[in-house]
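Keeping their order, the protein sequence lines are chains A and B.
Its first residue numbered 1, the first sequence is counted upward by one per residue in the working numbering.
Its first residue numbered 1001, the second sequence is counted upward by one per residue in the working numbering.
Hints are computed from structural coordinates only; laboratory data are not their basis.
Heads up, some of the hints might be wrong.
[To be verified] Stretches of chain B that chain A covers, calculated by requiring three or more beta carbons in the stretch to come under 8 Å of a beta carbon on chain A:
| no. | segment |
| --- | --- |
| 1 | 1001–1014 |
| 2 | 1018–1031 |
| 3 | 1042–1050 |
[Stated by the list, open to error] Partner residues aside, some chain A positions facing chain B, computed with beta carbon under 8 Å:
| no. | residue |
| --- | --- |
| 4 | Leu169 |
| 5 | Leu191 |
| 6 | Met194 |
Note that beta-carbon positions come from the ideal geometry of N, C-alpha and C, so glycine has one too.
Listed below, chain by chain, are the residues.
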Amino acid sequence: MKIVVLLKQVPDTIEPRLREGRPDLSGVPRIVNPFDLYAVEEAIRIKERLGPAVETVAVTAGRPDAEAALREALAMGIDQALCIDAGELDEPDTDVVFAARALGAAVRWLDGAELVLCGQKSLDQQSGILPAAIAEVLGWGFIPDVGKLDLSPPNVRATRLLPNGRAVLETSLPAVLAVLKAINEPRIAPLRGMMKARRAQIPHLGLSEICPGPPRRRTVLEFHAPPARPAAMILEGTAEQQARALVAELRKGRLL
Amino acid sequence: MLDYLLTEEQLMVRELARRFAVERIAPVAAGLDDREEFPRELLRGIGRAGLAGLSVPEAYGGMGLGHLASCLAIEEISRGCAGVGVSYAASILGYAPILLFGSEAQKQKHLPALCSGEEVAAFALTEPQAGSDASAIQCRAGRAPGGYVLNGNKQWITNGGEAAVYTVIALTDPKRGVRGASAFIVPREAPGLTYGKKERKLGIRCSATRELVFQDCYVPEDSLLGREGHGFLIAMRNLSLGRPGVGAQALGIAQSALDHSVRYAREREQFGQPIGRFQAVSHLIAEMAIKVEAARALVYAVARSIDAGATDFEAAASMAKTFASDAAVSAAVDAIQVFGGYGYMRDYPVEKLLRDAKITQIYEGTNEIQRNIIAAELQKAAARSR
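Build out the structure end to end from the sequences listed, making use of the hints.
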């Protein structure tokens, strides 16, 4: 059985500088979307449980240097990798539905995949829409917020972690599951894996090869940085001294 | 700074060990120290990461990478916690004799589990009345049907009580003194092997240090390492090869002291500015850095020369161990000074560094013994060049 793990390479920051009203990501290092590492770990654990009949493939779409994200997955223990060269998917303006179409096409191109795992959301856009959109593109079952996963073909059972409780859902394969950090603890890539990943030849596919047609774009009109947090004041001294100082400050600010 | 002379694989080892230390070891180091808890799970994790058998050939489950790779891992792990570092390094000291002097069968039997990190080894030479004077050992190995029977005590054995195998040096022929010593691979299940209490130490507190008690402890014939009478040679060679590793432990501690000092000097403000702006503090840190880099250069140079096949590294290995351990103690003392009052508090990480650093000047040959070795080697070299 083939499991596809979707990775996104994201800037290593959630507070980018704004230059001329747009995020300035020059010089910001790129990392694997942290949520996706949990999906990678889960895929490897499924393989460790079910044996060599399981084949795991990591896929990413983005700039050609997004290969680095795939190498990390290979180092951890994923079997194969595929890089879709699609620089246009890497912009803050990316249309997430188009991204879903592109990644869905990549999953179909791989042929024989029965399970797609990805992180719940990405560190940059944080829309959380992509996993559902991919399931829709593929016409597959979909379970989000997965904190626990039980794969027993032809079905998959997952525990969905909700703010007010949990729900246990079951769907038949093929399915797309979006995982949360609660699902596992990603391993540190072992030395042998690091060496193997370094030498690996990763195949690249052009976006137009699997997803013909013009890319769909949207335009983000404005970016705003969150308002600057005012400096905090730390009150020192005994509890009584702190209380007096606090009252004085509240009076000064006309809050008392 | 010395990155340029590391190979790609060595850089990978260092990167991996550093990541493991930062993510898994450092966050729990204070707790392990406080509870004196043996870091069994961390050692398993180190094994799963592929770091437990770096210098062991792949045929026995290792990575086949050499002494410098091993030292890099020891350094980074010790930088996270010296107690974990010494447990890791002492296992290497315990299985190195098997690697160097063991038969094919012995290597196949013991090395794979040790390289996986599932188990650790230990080296047992020291006795209550035989420390620096290792030739004064009294533990005996008498002949018995199909094997040997060990009687005696070994003291202060790192990983004692936790190891799966012990490399034990005992006298098979007491009349011949050190020439009558032999080395044995003693498994934890050997009948007649018991342990003393776990020692309460100043530092490296999560490391398990115990006495080994041999009372008619039977081991079969195939436990003998090498030949009878080779024990002392095996022990001395083992310690000699292990010296860069001790230097690496000390280096890790010293680097940690430097890291903390640099960070604190930027964060702590007094008299309206970061204390790092005051020369008294910045010069202290600069001196620390000089010693750390010099120690690093020496340790790496010796490890590299061993990897390159050098045979005359004895004096240099002793120098590396001595200099690095002195640097570690000095760096730790100065780090506490940089932190001022906070440095003295157990809630802050630097007091642990001094408690951990001190032992590196003592074990695996006190720095006094190291100086004896260095002086003797210089004399030998001078005599040869006559």
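Each hint, compared with the structure:
For the segment 1001–1014 of chain B, the assignment as covered by chain A holds, since 4 residues bring a beta-carbon within under 8 Å of that chain's beta-carbons and 3 suffice. Here the segment 1018–1031 of chain B counts 4 residues with a CB under 8 Å from a CB of chain A, which clears the bar of 3, and the coverage holds. Using a Cβ-Cβ cut-off of 8 Å, 4 residues of the segment 1042–1050 of chain B lie near chain A, which meets the minimum of three, so the contact claim holds. Given hint, A/Leu169 at the interface with chain B, is violated; its Cβ is 32 Å from that chain's nearest Cβ, farther than 8 Å.
Checking A/Leu191 against chain B by beta carbon gives a least distance of about 3 Å; that is within 8 Å, so the hint holds. Because the closest C-beta pair between A/Met194 and chain B is about 5 Å apart, less than 8 Å, the hint holds.
Comparing the model with each earlier hint shows a violation of hint 4 alone; every other hint is respected.
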